[in-house]
Amino acid sequence: RDASSLNISSKEYDIMKGASMIIFSVLYAGIFQHYWFDWLNNNLVETASAVHPSVAVLLAKSYGPNLLAASKLFLNQVFIVPTVYMPLFFAVTGA
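In our numbering, the protein residues as written are 11 to 105.
In short, the hints are calculated from the structure, not lab data.
There's no promise every hint is true.
Pairwise CB distance ranges (calculated) [said to hold, decoys possible]:
#: 1; residue 1: LYS71; residue 2: ILE25; range: 48 to 58 Å
#: 2; residue 1: TYR73; residue 2: ALA105; range: 38 to 48 Å
#: 3; residue 1: TYR23; residue 2: VAL61; range: 46 to 56 Å
#: 4; residue 1: ALA101; residue 2: ASN76; range: 31 to 41 Å
#: 5; residue 1: LYS21; residue 2: LYS71; range: 26 to 36 Å
Glycine included, C-beta positions come from ideal geometry on N, C-alpha and C.
Could you build the full structure based on these sequences and the hints that come with them?
As structure tokens, this is what we get:
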């Protein structure tokens with residue numbers, strides 16, 4: 011059992027499960043996401059503009075920050091979660 015289920019269950023705390031969740035959190039949230047979102051913050055507009063110039067115009071308008079945030083969310087959910095998050099989670103936690 012992990013710490014969140016200790017109140018419900020009378021079983022002992024699973025040290026290996028807790029350690030694997032700490033390792034996963036450090037690798038994904040602490041290291042990977044730091045560099046991933048830093049790259050998005052510094053390169054997304056330029057990369058999208060290179061694909062099509064009208065994207066730069068959309069991002070420069072008053073709703074640009076919201077569109078930029080939605081673009082980051084979309085890229086993270088559609089590409090990173092299935093290719094990085096899920097495989098790393100299952101590899102580290104053994105779930």
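Hint by hint, here is what the structure shows:
1. LYS71 <-> ILE25: 48 to 58 Å: holds (52 Å)
2. TYR73 <-> ALA105: 38 to 48 Å: Since the Cβ atoms of TYR73 and ALA105 sit about 39 Å apart, the hinted range of 38 to 48 Å holds.
3. TYR23 <-> VAL61: 46 to 56 Å: holds (49 Å)
4. ALA101 <-> ASN76: 31 to 41 Å: holds (35 Å)
5. LYS21 <-> LYS71: 26 to 36 Å: Because 55 Å falls outside the window, the suggested range is violated.
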